[in-house]
Amino acid sequence: MKLSVLVNEGPYQHQSADSALMFTKAAVEKGHEIFRVFFYHDGVNVGTRLAIPPQDDRNITEQWTALAKEHDLDLVICIAAAQRRGILDENEAKRQGKDGDNIAEGFRISGLGQLIEAGIQSDRLVIFGD
Amino acid sequence: MAEPWEDDELEGPVRKFMYVNRRAPYGTIYALESLEVVLIAAAFEQDVTLVFMDDGVYQIKKEQNTEAIGVKNFSPTYRALEGYDVEKLYVEKESLESRGLTTDDLVVPVQVVNRDQLAELMEEQEVILSF
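Chains as they are written, first to last, in the working numbering: chain A, 1 to 130; chain B, 1 to 131.
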């Protein structure tokens with residue numbers, strides 16, 4: 001089955017980012033195709049490489065990066081939600097005149113149209129949120 | 001300059017999208033960011049249905065004044081949805097009544113449906129996004 005995943009809550013604050021990660025992992029291992037993972041609302045905070053969770057805890061962002069690398073996943077962060085919350089890639093930082101970027105490897109920033117496209121192109125859009 | 005979240009329109013089949021708004025307009029950002037999704041989605045010419053239920057019915061209540069909380073009052077934007085061909089707006093009867101509201105209290109014309117009818121509408125959808 002062709003699946004897309006929507007992550008609507010922030011990492012560590014809420015189980016969503018973990019559950020979405022585990023679901024995506026399980027789905028690719030079962031042979032399903034992941035068309036896209038889209039991060040919205042506070043879910044965009046999964047995409048910062050500057051978070052430092054305690055060493056004896058999981059690192060959600062690094063796990064997403066590793067999973068994306070292994071299975072060539074498309075991890076998309078909503079630009080409108082990201083701008084509100086200070087998630088920037090190099091281009092956006094430059095465009096907005098900010099002094100740094102923080103996007104983690106394996107993620108990209110794009111528009112909400114990518115979410116709608118995921119809804120159109122996928123057999124199922126699976127949503128993780130409150 | 002184009003808004004940063006704007007994308008080019010994409011080719012594809014028309015699907016039935018339902019956006020379910022369940023939260024109060026202020027206090028959390030869900031209502032505002034849901035509205036942003038609906039406005040972008042309108043460009044994709046899908047079959048769009050909006051639902052307001054639970055505290056989500058307050059999103060379209062008339063005479064909102066957000067001055068004291070320092071947050072933008074975005075309720076007038078719902079009136080623009082018609083211009084985007086988003087015309088199927090449903091409100092759950094039970095949610096409206098339990099909050100002492102009638103359709104006269106709302107900024108946009110809606111169809112009022114009861115919980116069972118809403119369940120049937122949901123059954124017909126292909127993609128449901130709940131905020």
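These are computed hints drawn from the structure, not numbers from a lab.
Quantities reported herein were computed from a predicted structural model and do not represent experimental measurements.
We put the CB at the ideal spot given by N, CA and C, even for glycine.
Hints are not guaranteed to be accurate.
[To be verified] Reference listing, derived: stretches of chain A covered by chain B, where coverage requires no fewer than 3 residues with Cβ under 8 Å from a Cβ of chain B: (1) 45-55; (2) 108-116.
[To be verified] For each label pair, taking beta carbons as the anchor points, the in silico distance ranges come out as: (3) A:83 to B:73: 42 to 48 Å; (4) B:104 to A:52: 23 to 29 Å; (5) A:19 to B:124: 38 to 44 Å; (6) A:100 to B:68: 17 to 23 Å; (7) B:63 to A:54: 46 to 52 Å; (8) B:64 to A:100: 45 to 51 Å; (9) A:19 to B:80: 46 to 52 Å; (10) B:28 to A:94: 16 to 22 Å; (11) A:50 to B:47: 38 to 44 Å; (12) B:104 to A:23: 42 to 48 Å; (13) A:54 to B:77: 27 to 33 Å.
Here's how the hints hold up against the structure:
no., hint, result
1, 45-55, "violated (count 0)"
2, 108-116, "holds (count 7)"
3, A:83 to B:73: 42 to 48 Å, "violated (21 Å)"
4, B:104 to A:52: 23 to 29 Å, "violated (53 Å)"
5, A:19 to B:124: 38 to 44 Å, "violated (27 Å)"
6, A:100 to B:68: 17 to 23 Å, "violated (35 Å)"
7, B:63 to A:54: 46 to 52 Å, "holds (48 Å)"
8, B:64 to A:100: 45 to 51 Å, "violated (37 Å)"
9, A:19 to B:80: 46 to 52 Å, "violated (35 Å)"
10, B:28 to A:94: 16 to 22 Å, "violated (31 Å)"
11, A:50 to B:47: 38 to 44 Å, "holds (41 Å)"
12, B:104 to A:23: 42 to 48 Å, "holds (44 Å)"
13, A:54 to B:77: 27 to 33 Å, "violated (42 Å)"
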